[in-house]
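K.L.:
Here is how the chains run, residue by residue.
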Amino acid sequence: MDSTLERAAELLARARFPLFGGLFTDIDGATAALALAEKLGGVIDHAASSGHLRATRVMRETGATPASYGEVRNRADTIVVIGNSPLARDPELLAKLFPGKPGLPRPGKNKRELMLLGLDKPSASKIPKGVPTTAINGKDSLPELVALLAAATREGRFDIRDKALRKALDAAGERLRESAFAVFVYDPAELDEPVLHTVLEIVRHLVKTTRAATFSLAAPGNGDGVNLCSTWTCGLPVRTSFARKVPENNLWAYETGRLLKSGEADALVWIDALEGEPAERPKNAPTIVLTSKPARAGRGDIVIQVGCAGEDHDAALYLPPIAGIGMVKAAKPNKDNPTVAEVLNRIAELIDAKSAAAKSTADKSTGTKGLGKKGAA
Amino acid sequence: MLIQLKGGRVIDPVHNRDGVGDVFIENGRIVGKPEGRTPDEVHDVTGKIVMAGAIDVHSHIAGTNVTLGRQLMPELPLLAAEGGQPIVPSPATLGSYATGIRYAEMGYTTVIEPAMIPTHAIEAQTELAAIPIIDTAGLVILGNDDYTLELLRGGRVKSDELKDYVAWTLSHSKAIGLKVINAGGSEAFKFNARTFDLDEEVPDYGVTSRGIVDAMQKAVADLGVPHPPHVHCNNLGIAGNVETAVATLEATQGLPIHFAHIQFYGYGDEGEKGFSSGAARLMEAVNKHKNATVDVGQVMFGQTITVSGDILRQFDGRRAASPKKWALNQGDGNGTGVVPYHYKSKSFVNAMQWAIGLEIFLLAEDPWRVLFSTDHPNGALFVRYPEIMHLLMDKNERARWLDGVPEAARQYSNLAEITRELTLSELAVITRGAPAKLLGLTDRGHLGAGAIADVAVYTEQKNKTKMFSAADLVFKSGNLVVRKGKVVRVTWGRCYHVEPGFDAQIEKRVKAYYDRYFGVDPSWFGVTDAITHRPDRFATIPCTS
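Those protein sequences? They're chains X and V, same order as listed.
Sequential numbering from 1 applies to the first sequence in my numbering.
Sequential numbering from 378 applies to the second sequence in my numbering.
Read the hints as simulated data drawn from the structure, not as lab findings.
Treat the hints with caution; some may be incorrect.
Said to hold, decoys possible - Each computed BS3-like pair below joins lysine-lysine, with the alpha-carbon atoms no more than 25 Å apart:
(1) K101/X / K888/V
(2) K329/X / K814/V
(3) K702/V / K721/V
(4) K595/V / K814/V
What the hints assert, rightly or not - The following residues of chain V were derived to be distant from chain X, with all beta-carbon distances above 10 Å:
(5) G384
(6) P454
(7) G461
(8) A507
(9) K567
(10) E627
(11) K701
(12) K702
(13) D709
(14) E742
(15) N773
(16) N791
(17) R893
(18) I908
(19) H910
(20) T917
To be verified - So the derived list for chain X, only partly shown, Cβ under 8 Å to chain V, looks like this:
(21) G63
(22) N74
(23) A124
(24) P128
(25) G130
(26) T210
(27) I325
Computed from a prediction, not measured in an experiment: that's the story for all the values here.
Every residue gets a Cβ at the ideal spot worked out from N, C-alpha and C, and that includes glycine.
Extracted from the complex, chain V is given alone in its bound form:
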């Protein structure tokens, strides 16, 4: 069936396209204008904006950590709704099913879960498979596990075995990429460290955080995995940590790397409160290091919960828990901490976090390297995305919000001076084109012929919150799934992953290792097609070597 989206303003920065025109869909793909054929279905989208479906590169939507948060705080959607957030007040709202529905309504068609625990990949993948409509993929966590650290012991890197181990882990969990969270810091926490810096050594193992990240970068690059290591740095959330972020950036030696939720590292320690915006300093470094990409991790005011494999940081964060409860899962490898948190517009620090995130977006010279995220749910629930898009695209809206934050936050941030407003095309870059490119999902994020027909149509309006809250039409793989902001058809997406090759020796080694220390056979936690009953659930994306 040939579908025509007729007469909309088509915004596709991948093809430098921004103008009125048509988009054609056939057999789940975008096709060029077919000469001499009458479309079977025509949607008149005159006056509307047509973009590729949006892609979220970092959103905690599945797996042990997320479900630990659900267990700790089923009342989160109720509290959030009570505080005026646009969310249905039911514990089910942050369940798998509702997650897919709400993402689709906003025009999102692919979302990446960024923190699968290797031994819990089956749960993560089962949860992802329970999310309707959107395509998904997972990043698997290494870098605080004993196996990796043994290979890096004392800084003597057994790089071939590490490469094989990384490849085996990616394949075994069906992940699209590697996540490194506070490299070495979670392991140090097991030895009762309460802080951990880039050049500190992990107790007993004698390897530094810098050494771990460096080795992982090389391993991933050697394997030709399209998505570079996805790194959560040390010292998250601490005043003055912009220096850690800059040092980490400088340490990257030109190899590709992605830094997650960089807003949480944009903190200076100047001024009488010892807390200031480090956004300018950070973005100077980001702008300079062209091998690096970042996602922002924007903060929005309101109730949320923080969910993180940075157990050291979460343990420290327990003191600020609101409501006053917290869970710490001291698991294998990283472990997890979940701590409820309420960002308040009247709090100087929270207002600074909010402003710093926006500064980062707006100071980016190259939107292809500064991607949209809230680190859902850590900075804000993903239902807040439309409000953030509004703030980025409308300086008057920012001014209105700035009026509501403490005077000191206006003083120690630079947001008020920034007049830049992101264009629709730039928004399409940071929510479509750039995430697709970064993930190696070249079949989406754009509207070129051959792309998967993931398309979102919005009514252009001044109020961008309204505009992006409810897409007029959303097509997922060519199926019309959303009309006037409501799901009209529930489909099931695919999960993308890589299968880098490895020396079969690693399987024997890993098996012996798990047997000895855990009494476990790795096949117990290996993800196979059998975890869902949909034969085409998993799709492999190629590695380049």
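Excised from the complex, chain X in its bound form:
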């Protein structure tokens, strides 16, 4: 194993701008990746965080009003599901949010209701028995429907020809205004920034008189956990570069595909060590791969088999039901392979050793005070 790690360490020590991508890993793995990226002046990205990062940018600009899963499930009287993705990604979502037995004490006297906004085939959704449901649909695109609902909620002026839609929107607006706690459920991966802003503004209009919130689907691959970890470590989410003294976040500049295509990143560490769908791996980039799945090794790839977080070893991961980081016990404990954190920490040690050796050779031969930051000649 160590000879493979030696090769990986050598490749990374030589790299000018290494990219740590994929990042389908637990909190320990993310912590180790962040530490190594900082040490090497590299960059971090997560393979399924685009939507989450757009939402984070909206938050930085104007704020956010999330509710926890428990609050939505127990106390919301109106739940608005926006778009196809929430129910496509979690077909059981409605059953979880409408558990069919009395929840915690909740405000108001409304019966709990469901609205489906802009679903292609609302009738195909698994709607729990006895939940009054309204589908709001038409020929308009999802962003338009969200904007129309916003106008209807504010009782603003808007003109549309579709009379049925008009009626549905007016009724929805009224229901929202009369809700004690309305929650808008969406997957940020399906919505562009202006739409995220519009949803937030609906909430902010409603909370002048009543309560409202958003409930965002978690990103795949522990995206929420990795981003939280990045934030408490360096103050910024992923797509952050450590090349300069001050870490720098840029959703466009530090995106994996762009960094590889432009050649700015000259080494890729690809991390994919969770159960479920694999992270979408970029093609044609010579790569150090840390994976818990069967891996195809390309020319020049260094493949390191690692344990699967939550399967082979206990793991701290973002858990949507607690809306936070929880501990998942290993389903089938197995120590055959090291964890992502163990591999990355070991590579960091090997790089340090190399750097120290290079420094001592350089000191002896030239009498200068060591080499640059990376210590590689």
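Given chain X, work out where chain V should sit, using these hints.
P.N.:
Just chain V now, kept in the frame of chain X:
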């Protein structure tokens, strides 16, 4: 290895010590003068001040709420630096790593995170473990969660089960104590209440705020948890709220209680602006109620962000957000609000807040019960501590600052008339001895033999800001970690917590409860040693019963 700090002025109010002498360190502990042995390492600290490492009893440095603030406002350190605050202009400055480094440089060696959400304790504890050098501990929040309120429904207290539930929650999150934030107020907010008073009933549950605090005080006292309930009262930040604070103090019935960031409750409603200093009235009550301790929550001018589990108050505060953005996390139990805020010296209200905090410090008859804090980051970022120490110890410095605030603020506060200057010994009380005593961390906050060798050495100088910004030497558990105000060695501290016993029935009940209402198993959010890979990370402090 025997280390000698030689010839400094040793200030250790716990042992009534203030004089030139030596301090010896061996195996991470303070030791008495070892007869007939030559120290392995001698630090000549002649002319310098030697104190125990400082302890911060209330500073939001980790957990969901703090990270929500980081997400909302990564530019905070940049704006703060631009406004002249002593902070490195990088988003990473308020990250976990830099937090430990900066605290250590100022001579702090233990810091308490005061608001862990029970279901998010793993995140809080993981973040605390990512903070280098200093020791830490967390307070866990209860009092707005459905489980507690059900046990208090209609004022009929199921006290044994509450006691077990509190004990279980403390153990499950590895907390050192209990935090209660606007008891019942956050729950009332869920029912669309926008204000909530001490004797108001929580909708549906029918228990009052007073009833919740009272029950928690009894539970914590019965469990023998050394740190009393750490309470954030109702009506924070509202003119005239000094009456709420006084009423809450009077309601405490002699049981131990700690009131957090009391400055935010020191507001009268007199004068033409309807806002005046209530510090004298408040401190009269604090001085009288010897069962109560407070920390101040001093305000300093400049950009910051407010981070609080008082969601009701934060929702109201959104209107004053600067920059104009805010986040409200409507979570289980308390939830959280984060609202950026810029305290301005030219603002009458902000200047009053600043003056009232200082008045509270200076009107304290017993510094053992009035502790140092800014409620970081709510009153001010913790990097401002040296300036506050300067203001407390130098009346001329106060006069200089007072010249820069509106005339009305001078008129409606009493700061100008106060001539008291805190002594070094008093400062050591409010930043060392008293916090240690309050937390039950009897092995620190002083320099007696057997104490953990957390020691800070400063160069005595008239400019106290300079003096306390950069310690000459800091030892953490006997390791030299800071020299001339810079970290020279990065070590990793421990996390202190209590393990009060409970009836095992509570585990079954809580498990059934979470399963039914949340579809969650409590083991998912239980803190275990496994959250860090440092085997000695957690240390238990004993309860007295």
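K.L.:
Each hint: holds or not?
P.N.:
Taking the hints in turn, this is what the structure says about them:
no. : hint            : verdict
1   : K101/X / K888/V : holds (18 Å)
2   : K329/X / K814/V : violated (38 Å)
3   : K702/V / K721/V : holds (18 Å)
4   : K595/V / K814/V : holds (20 Å)
5   : G384            : holds (36 Å)
6   : P454            : violated (8 Å)
7   : G461            : holds (19 Å)
8   : A507            : violated (7 Å)
9   : K567            : violated (6 Å)
10  : E627            : holds (31 Å)
11  : K701            : violated (8 Å)
12  : K702            : violated (4 Å)
13  : D709            : violated (5 Å)
14  : E742            : holds (40 Å)
15  : N773            : holds (37 Å)
16  : N791            : holds (38 Å)
17  : R893            : violated (8 Å)
18  : I908            : violated (7 Å)
19  : H910            : violated (8 Å)
20  : T917            : holds (20 Å)
21  : G63             : holds (4 Å)
22  : N74             : holds (6 Å)
23  : A124            : violated (24 Å)
24  : P128            : violated (14 Å)
25  : G130            : violated (19 Å)
26  : T210            : holds (6 Å)
27  : I325            : holds (4 Å)
Of the numbered hints given earlier, the model fails hints 2, 6, 8, 9, 11, 12, 13, 17, 18, 19, 23, 24, 25; all others are met.
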